[in-house]
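Peer 1: As given, the protein sequences belong to chains A and B, one line each in that order. Just so we're aligned, residue 1 is where the first sequence starts under the numbering used here, counting upward by one. Just so we're aligned, residue 1 is where the second sequence starts under the numbering used here, counting upward by one.
In short, the hints are calculated from the structure, not lab data. Take these hints with a grain of salt, some might be off.
In this list, chains with the same sequence are indistinguishable; a pair is considered to hold if it fits within one copy or across any two.
[What the hints assert, rightly or not] Below, computed lysine-lysine pairings styled on DSBU-like, alpha-carbon distance capped at 30 Å:
id, residue 1, residue 2
1, K13, K116
2, K144, K30
3, K29, K13
4, K144, K62
5, K144, K3
6, K59, K13
7, K3, K13
8, K116, K3
9, K116, K29
10, K59, K3
11, K30, K59
12, K30, K116
13, K62, K116
14, K29, K62
15, K3, K29
16, K29, K59
What follows is the residue order along each chain.
There are 2 protein chains.
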Amino acid sequence: MLKLFEYNWQVRKDWFDWCDQVLEEELLKKRTGGLGSILYTLYHIVYVEYGWISLLQGKEPKTLPSPEDASVQTLRDCSARCHAEIAPFIYAWNSSMEDNRLSDQNEDTGEWESYKYGEIIRHVIAHEIHHIGQLSIWSREIGKPPVTANLIRRGLFD
Amino acid sequence: MLKLFEYNWQVRKDWFDWCDQVLEEELLKKRTGGLGSILYTLYHIVYVEYGWISLLQGKEPKTLPSPEDASVQTLRDCSARCHAEIAPFIYAWNSSMEDNRLSDQNEDTGEWESYKYGEIIRHVIAHEIHHIGQLSIWSREIGKPPVTANLIRRGLFD
Chain A
1 MLKLFEYNWQ
11 VRKDWFDWCD
21 QVLEEELLKK
31 RTGGLGSILY
41 TLYHIVYVEY
51 GWISLLQGKE
61 PKTLPSPEDA
71 SVQTLRDCSA
81 RCHAEIAPFI
91 YAWNSSMEDN
101 RLSDQNEDTG
111 EWESYKYGEI
121 IRHVIAHEIH
131 HIGQLSIWSR
141 EIGKPPVTAN
151 LIRRGLFD
Chain B
1 MLKLFEYNWQ
11 VRKDWFDWCD
21 QVLEEELLKK
31 RTGGLGSILY
41 TLYHIVYVEY
51 GWISLLQGKE
61 PKTLPSPEDA
71 SVQTLRDCSA
81 RCHAEIAPFI
91 YAWNSSMEDN
101 RLSDQNEDTG
111 EWESYKYGEI
121 IRHVIAHEIH
131 HIGQLSIWSR
141 EIGKPPVTAN
151 LIRRGLFD
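Produce the entire structure from the sequences given, and follow the hints as far as they go.
Peer 2: Pasting the structure below:
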C-alpha cells in the first residue's frame, strides 16, 4: 500500500512543478468536469488525503487555507505540512489494521457510516489517481504534455 | 491489492453500462488528451491489464479485436474473456511474489528492462484508475454524469 502512496506523492510533486510552467489564469480557469479547475483539483487531492488519514489517526483535521487564496506555492507548502502529519501513519500501516473501523458522517445524507480502515486507505489512493487523470486531459487542452502517470520507471522499487 | 483490482473491475463494468446510454458517435468521437476517444480508452484499459498480467503468468498475450471494429458489446465480451484469463493470478497474488522479476522490452526505446512483479501489479492498478479519471471529464463534456469513482460504499469490504 505504501508504494501506491509514494507514487501519488511523487506524481503530485511533479504536477506542482508542472504548474510552475503554466500561467495562473490557466490554473484557475473554470473547466468542464471534475472539480472545475486545475488548482482546485490539487487542493482537493491534498485535503481529501489529509482529512481521511487524520481521522484514521484519531485526529480532527485542521482547516486548510481557502482554495480561492491558494497559489501554487501556498498549495505546495500546504501539501508538505499535511504530508508530514499523515506520513507516519502510512509508514506504520500493516495488515493488522485492515479491519479496524471508523465511523464517519456522510456529508450528503447526514447519516453515520462505518468503514474499515482498509477501505478508506484504498479509497484515498484511488481518489488521487482518478483526479490526476482529469488533470492530464486539461493539460492537453492547454497544449502542454501532462506529467507521466506511469508507476513503472519511477525508481519506486529500486 | 486484490480489492483495488475488484474496484477497477466494478468501475469498468459500470462504465460499459454507462456506454449503453450514449450514442456510438460520442463514444468514438476524437477528444483532446488521453487515448483520444471513450471507446479506445476502454479498449486500452482492457488490453494493458491483460497484457501485463499475461506476461506475469508466463503467457504471451493474444491479439485482441481491433479497437476500430469494437462496439461496446464486443469490448465488454473481450473484457470478460481477458478477466477470466488473468483473475486466477490476481486471486493467487501474495507478498512472496513481490520481488519476482519480469524482463520486458520497452516499446519506445527497444531496450530490455527488468521490473519487480510488485511494481507491475501496482502499475496496472494505477493505469486503469488514471484513464477512468479521463473518461469522467469527457462524460461531462457530453452532458452526462460520470460513473462514481468512490471506492467506499461499493460493498467491496462487506
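Peer 1: Against each hint, give a clear statement of whether it holds in the structure.
Peer 2: Right, here's what the structure says about each hint:
In this homomeric assembly, K13 and K116 come within 30 Å of each other (Cα to Cα) both inside a single copy, at 29 Å, and across copies, at 24 Å. For a Cα distance limit of 30 Å, the shortest separation of K144 from K30 qualifies both inside one copy, at 17 Å, and across copies, at 18 Å. In this assembly of identical chains, the alpha carbons of K29 and K13 lie at most 30 Å apart only when taken from the same copy (21 Å versus 33 Å across copies). Proximity of K144 and K62 under a CA criterion of 30 Å is satisfied in neither setting, with 34 Å inside one chain copy and 35 Å between copies.
Taking the shortest Cα distances, K144 and K3 sit within 30 Å of each other inside one copy (28 Å), while across copies they are farther apart (34 Å). With identical chains, the CA atoms of K59 and K13 are at most 30 Å apart within one copy only, with a shortest distance of 25 Å there and 36 Å across copies. In this homomeric assembly, K3 and K13 come within 30 Å of each other (Cα to Cα) both inside a single copy, at 15 Å, and across copies, at 27 Å. In this homomeric assembly, K116 and K3 come within 30 Å of each other (Cα to Cα) both inside a single copy, at 20 Å, and across copies, at 12 Å.
For a Cα distance limit of 30 Å, the shortest separation of K116 from K29 qualifies neither inside one copy, at 37 Å, nor across copies, at 40 Å. Both within a single protomer and between protomers do K59 and K3 lie at most 30 Å apart by alpha-carbon distance, with minima of 24 Å and 26 Å respectively. For the homomeric pair K30 and K59, neither the shortest alpha-carbon distance inside one copy (33 Å) nor that between copies (46 Å) is at most 30 Å. Taking CA atoms no more than 30 Å apart as the test, K30 paired with K116 passes in neither setting, with 36 Å inside one copy and 41 Å between copies.
Within a single copy, K62 and K116 get their C-alpha atoms as close as 23 Å, which meets the 30 Å cut-off; across copies the closest is 38 Å, which misses it. Taking the shortest Cα distances, K29 and K62 sit within 30 Å of each other inside one copy (27 Å), while across copies they are farther apart (44 Å). In this assembly of identical chains, the alpha carbons of K3 and K29 never lie at most 30 Å apart, being 33 Å within a copy and 36 Å across copies at closest. Taking identical chains as interchangeable, the C-alpha atoms of K29 and K59 are never at most 30 Å apart, the minima being 34 Å within one chain and 47 Å between chains.
The structure fails to meet hints 4, 9, 11, 12, 15 and 16 from the earlier list, while all remaining hints are met.
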